[in-house]
Amino acid sequence: MNVTLAVKQYVSKMIENSGPGMKVLLMDRETTSIVSVVYTQSEILQKEVYLFERIDSQNRDSMKHLKAICFLRPTKENVQHLIQELRRPKYSVYFIYFSNVISKSEIKALAEADEQEVVAEVQEFYGDFIAVNPHLFSLNLQGVSRGQSWEPSMLARSTQGLTAVLLALKKCPMIRYQLSSDMSKRLAESVKQIITKEYELFDFRKTEVPPLLLILDRSDDAITPLLNQWTYQAMVHELLGLNNNRIDLSRVPGISKDLREVVLSAENDEFYANNLYLNFGEIGTNIKNLMEDFQKKRPKGQQKLECIADMKAFVDNYPQFKKMSGTVSKHVTVVGELSRLVSERQLMEVSEVEQELACQNDHSNAQQSVRRLMQNPRLSELDAVRLVMLYALRYERHSSSILPSLMDELSRRGVSERHRRMVQAVVDYGGKRVRGSDLITPTDAVAITKQFFRGLKGVENVYAQHQPLLHDTLDQLIKGRLKDSQFPYLGASSLRDRPQDIIMFVIGGATYEEALTVYNLNRSTPGVRIILGGTNIHNTKSFLEEVMSATSHSCDRSQGSSRHGNRR
Amino acid sequence: MASSYPPPFEGTGEVKEGFLCPLCLKDLQSFYQLQDHYEEEHSGDDRHVRGQLKSLVQKAKKAKDKLLKRDGEDRPDTGSYESFYYGGVDPYMWEPQELGRTRSHLDLFKKHRAARIDHYVIEVNKLIIRLEKLTSFDRTNSDAGKIRAIEKSVVSWVNDSDVPFCPDCGNKFNIRNRRHHCRLCGSIMCRKCMEFVPLPLAQKLINGTREALCVPGSPSQSTSPPAVGGSSGTMSRRGSITSLSSVTSMLEEKDDEKIRCCHHCMDTLLKRQEKLEEKDHVPDVVKLYERLRMCMQKVDEKAPEYIRMAESLNAGETTYNLDTAGGLRLEVQKYYELIDALSKRILTLGVKDDPQPHPKALQLQRMVRYTATLFVQEKLLGLMSLPTKEKYEELKEQRKQEQEKRLQQERLASQEALKRRQESERNRPPVSTNGEVPQAPRAPRMTKAGGWLPTADSTSVRSELEDPLLQQIENIQSFLRQAREAQRADEVAMLEENLRQLQDEYDQQQTSIAIALSQKLAEEEDLQQGEIQRLEAREREERERLGHPVILTPPSFTWERSLRINTTGFQGEDDTETEELTPKAEKSPSSVRAFPALATQEESPPRLRSLGGHVTPPGVDGQSSTSLNPFDEEETTPLEEDPSNPFSEDIKGENKVAANGKKEYNPFDEDEDVEEDKQAETVPGNPFEEEEEADAGNPFTEASGNSLGASTNPFEGDNDENLPDLDMIEEELLLQQINNIRAYIFDAKHSGRLDEVELLSQNLKELQQTLQDQKQKKH
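Respectively, the protein sequence lines represent chains R and P.
According to our numbering, numbering within the first sequence proceeds without interruption in unit steps and concludes at 631.
According to our numbering, numbering within the second sequence proceeds without interruption in unit steps and concludes at 838.
No wet-lab data here; the hints were simulated from the structure.
Here the structure is a predicted model, which is why all the values come from computation and not from measurement.
Treat the hints with caution; some may be incorrect.
As a list, the in silico PhoX-like pairs of lysine-lysine whose alpha-carbon atoms are at most 20 angstroms apart [unchecked claim]:
1. K317/P - K153/R
2. K403/P - K357/P
3. K110/R - K76/R
4. K824/P - K127/R
5. K317/P - K211/P
6. K170/P - K167/R
7. K171/R - K205/P
8. K167/R - K169/P
9. K127/R - K205/P
10. K320/R - K393/R
11. K438/P - K403/P
12. K169/P - K110/R
13. K438/P - K346/P
14. K834/P - K824/P
15. K403/P - K346/P
16. K438/P - K361/P
17. K248/R - K546/R
18. K171/R - K185/P
19. K169/P - K185/P
20. K359/R - K393/R
21. K127/R - K438/P
22. K153/R - K361/P
23. K346/P - K205/P
24. K167/R - K153/R
25. K334/P - K185/P
26. K110/R - K346/P
27. K127/R - K317/P
28. K110/R - K357/P
29. K346/P - K361/P
30. K110/R - K411/P
31. K317/P - K192/P
32. K153/R - K419/P
33. K346/P - K411/P
In silico negatives: residues of chain R with every beta carbon more than 10 angstroms from chain P [claimed, not checked]:
34. Q109
35. H128
36. K167
37. E180
38. V182
39. Q431
40. V478
Positions of the beta carbon are idealized from the N, C-alpha and C atoms, including for glycine.
With the hints as extra help, turn the sequences into a complete structure.
Take a look at the structure:
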C-alpha cells in the first residue's frame, strides 16, 4: 500500500533489468516528475544511471556505449518519438517501459521501426502517478472540470492514473463514489471499465476483505483548501508552493545560489521525515535543536589543528556532518522564510479567524472578526479574499449575511476584479447547492470542539481546530457506517465487513491537511491502511485556479489546462 | 493539528511491563538480556535516539502549546531534534510489498520485429552481394562501356521510358536533367538525388560482412590487409584522375572509384557500416569505467569486512587482529585512491581534444566522476578508525571488567543451571560498540602467529603481482593479442620473441627465489627444532626495537628486502596503462611500510591472486587445463585447517561455546568465557591471566607477558601450549611455500620449459616431505 515504494520498486527493477554498465534514462515530461519525486539524483547515480534525457529532446548525441532505459507514458507523441529513436538508435540497447497500458498496434509500429534490433525489453510498469508520500499520490492535473462535468482528456488521464495505482499496489477494489457528484460516478465507471477490460491484469490474489476505492469530489469540501496551514508540509505548500517535493525559493530575499530550489523529500531527509506533520511551533524548536546539534558536531577551527583525535572524530563523522550541514541550512532557510511570511502577513491573526469561521457556529462573532480584520491594512489581498470566501461558504444562506458589505470592503481595499469574482466562483463551485454532505452543521462543529477540548485539557489551540470533512467520511467508512445512499457502490456487490485497505481519490485535488488526517488515521486505527490521492495536491492558490477554470468554462478553459505542471 | 495527535501510547491497547526494549517493545527476560538485545539490534541507530526516548513524554505534552509560545521556551534536556512515533501503523512502516503488476510485450514485439528484420537482412545482403560483384573487376582499366555492361548484368535497370519524373524530387527528366540508374537496385533518379558509394566503403562493407560470417578468432580472416591496401590504392590514384573525371562526368560518367546508387540503398549501407564499426569499437570511457566499477566492487566487498573488524576491535573484542584490520584498511584505502584517480581520468577524457566532445559526453563524464566522489565520500570517510595499541589494551581491560561484573550479577540473579545456559548464549555478545571508544590490544600470540604465516604467503603474491617482469609480460601479452587481432604477422613474431625472453628471465628469477627460500626453510626448520628459545628472544628484541607487535623473523626479513627491490623497480617503470589495468592493493612506497600489517591478512592473498588472474586473461587463456592452475590454489588455501588463522578462531570460539564450562588452555582461544571462568577460578601463573592484567600502556610488558608468560623461560608452565603453536606456524609456512612453488611450476609449464618444471617439482616433493615429517613429529 506504499505508493512511494511501489514507484521506487518499479524504477529500480527497470534499472536492474538492464544489467551493469553506464545507462541513460529516457523519459517524458510526466515520467520525469514521477521518477524525480521518489529518487534523488545521487541515489539514481549509484545505480549507474548517469544521464537523464527527455525523449523529445533534440540535443542528444549518439552514445553507443550507453544503455537506454525508456520510461514513458504511452501517449501518441511518445510512441512517435520512440519510433524515430529506434530508426536511428543513439544508444546500444533499449529497455522500454510504458507507464500504462499500451495498444497492440503501437507495439507493432515500434517493432517495425526496430530494424537494428536494439530493443531488449518492452514492458508495462504501472508507475503512472506522482507518489508524494507513502500514503499520498497526485496526478498533477489542473483544471479537471468544466462546470460540473469532466474535461474529457482529464477523465482519461485520471482513469489511467487511478488504475495504475491499483495495479502498482496490486489491488482490485470494490468502488464507491459520491452520489452528489456526477464526476465521481463517471470516473468510477471509467475505472470499472478498465478493470473489466484488462481483467487479466487485475487478477490478484484474493484477500479476505476486498480493498475499497472511494471516489470523492472536491466540491463537497471547498473549505479545507482555503485555510491557512500550520503543519510543516502543508504550510510549505501553502506559503511557498511544493511542486513535486521541490520548493522554489528564488523569490526569497537574499537567498544563496544553491538554495534557490530545494528538495523536501521524506525519503532522504531525516529531519523532514520527522517533522513533516508537526506544527510550526514544534518545528521552530526542532530546528533550534538541529542547529545546536550541528554546532556541537562542527569542529572548532583551533581544535582541529591542535588535536589529532578531534580531527579524526571529525573525519569519522564527516558524511553525516556534511549531510547535516546541508539539512541545517535548508531547513533554517525554509523555516526562516515561513516565519517571515507569517509575521509579514499576520497569519496568526488571519488563521485564528479562519478557524473560527470554519469551525464555530456563531455568526455575530464571526462577522465581527472578519470585519475587524478587513480593517487591518497589513492583510494581504489573498488573505482578505480568502476570509470573505470562507464567510460566504459558511454563512451562505444566513439571514443576516454581511457578504455584500464585505464585497464592498474588498473593492475599497483595491482587491482586483479577478479576485473578487473568485468569491462567487467558489460559492458556485462548493456552495450548498452542490454539496452532498453536511460540510457545516452545528453538531459537527460541536463534536469537533468537544474533541478538541478533550485533547488539549482546556488549552485551546485555535489554529488547529479544523478537521477536514474527509476525516468524518473516513471515520464512518472505517466503522462501516458510511451511508450507501450518499456513497453507493458501483455494481451489485457491496462490502459486508469493515474495509481494511482503502484508496481514496479526490477529484479536483486533495490537500496536505487531508493527507495529515489520513496519516493520523493510519496510525491510530489498527488493521486499516488508507492512501489518499487526488488529481492534484492543492494549496489555496492552485485551488482557486482550479475553481476558476471549473466555473468560467468558456473563457478560462485553455488557460487552465495549460497551467498544470507549473502551479505555484 | 495538535488536536489530532493522540496522547502518547493511547493507541496501544495493552500495557506491557518488564524488560521491554524501548525501541521494538520486545519483551526480554532479564536486564542483561535486554542490554544485549539493545546492543545487538539497535547499536547502529543514532545514539540520539536514546536521549530522545527519555524526552518523549515531555515533548508530547509540550507539543500542544508550542504554537502559542514557540520561541520563548528552551528545552535544554532534549539534546536532539528527531521525532518519535505514538504507536499505530505509520505509513512509512507499512510492511514491505512486492513489485507491482507488470506486463511484458516483448514476445509480441519480437514477433513483429522478426518479420521485419528478415526482410531487412535480405535487403542488406542483396545489396552487399551486388556491391561485391560491382567491385570484383578492375574498374580503372576497363572502359566505360564494359563497366556499364557489367553493371547492367548485376541488376536489371528500370526502363527509362517508365520513369518520366524523378521519384524522389519529382523533377521532370529531359535532356538537361538526365536519368541515372542506381547500380544496386536499378532504380532511376536524377543527378541531384544520386549518391555514390566510394570504393573503400564498399570494400569495408563486403569484408565486414564476410568477417562476421567467419568464426571469430579463426586466423583465416586475413581480409583486412587487402582492404587497407585497396583503400590506399584508390587514394593514390585519386589525385591523377580527379581532373579527368570531373571533365568526363559532365559528359558520360565513368565511375571508376565509386558506385552510384540511390539514397535508399546508400542509407541501408551506411547503417550497415555504422553497425560494423560499433562492433569492435570500445571507447576509452568504457574501458576506464569498467576498471572503476571493479574497484568499487572490491571496496563493497572489503569495506564491510573491515568495519566488522574495526567494530569488534573498538569494542575490545579479540576476534580479530588489530594488524590484520590495519592492513585491510590500507588495502581499502588504496582502492579508494584508485577510484579517485580513475574517475579523474574519466572526467578529463577528451577535454583537450580539438573538436570538443559532445556536451552530453562531457556531462556523462562529469556524472561518473561525481558518483565516484560520492562513493568515496560516503564509504571511505565512513571507515571508522582503529584504536591505537594502547587504547585497545584499555578497551580490552574495560570490556573484561564489564563482563566480570555482568557475570557476577548474572550469577546472583539466576540459578546455577539457568545461568549456565545464559552464559553460553551470551558467549560472544556484540559489545557496546560506540564507534569512538577504543579498546585494549589483542592477544599477542595471535599477533605472532598472524605475523608469521601470511608473511610468506602475501609476499609471494606481492612479488608475483608487482614484479616488473610480470608487468612487462602482461603488457606484451596484451600487445600480442592486439597484434594477432590486427593480423600483423611480423609484429606478432617480434612480440612473441620478446615475450619468451622475458618469461625466461622471470622464471629464472623465480626459481632462484624459490630455491633460496626452500633452503632458508630447511635451515630454519633445524633452527626451529633446537632454538625456539633463542628465536623467541629475538622476536622480543625485534618487537622492542620496532615498537610494533608484529614479529619479523629472519626469513620474512629477506622477503621484505626482496620486495623492496621489486617495488622500487616497479616504480621505475612508467607504463601507467597496465599499472591501472591491474588494480593492486598496494603499489606505492607506502605499501612497504604497510607491509607487515598487511602480511597478517589471511584472506587477501587468494583474492589478490584471483584478481590478477582475472585481469590478465592472455596468460591463463586456454592453458588452464593443468591441475596446478592458480585458481586451484585459491580453493585450497582457505580449506587448510590453519589454527592460527584469525578466522578459524571464530569457529574455534564457537566450538568452545559448545563445550562451555570446561577449562582448557587453548592458546588460541580468547573468548571471554574462558577468561570469566578463569577469573572465577584464578589459576595462578597462567600466562594469559598475566597478560590481561598487564599494564595496558606499555607495549613491552604486554609483549613479554604474552609470548613468554610471567617467567623468562618459555618452556616453563606453558610449554606444551607454545610448542604446537610454533609447529603449526611452521607447517603453515610450508604449505604456503608449496603453494608458491606450485604456482611457479604452473608458470614454467605455461611457458614450456620442462627442465624447470622438473626442478621445481623436485623442490615441491622435498617440501611436501618436510611437511609430512613435521606432521608426524607433531603427533
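request  = Please name the hints from earlier in the document that this structure breaks, with their numbers sorted from lowest to highest.
outcome  = 1, 4, 7, 9, 12, 13, 18, 19, 21, 22, 23, 24, 27, 29, 30, 34, 35, 36, 37 and 38
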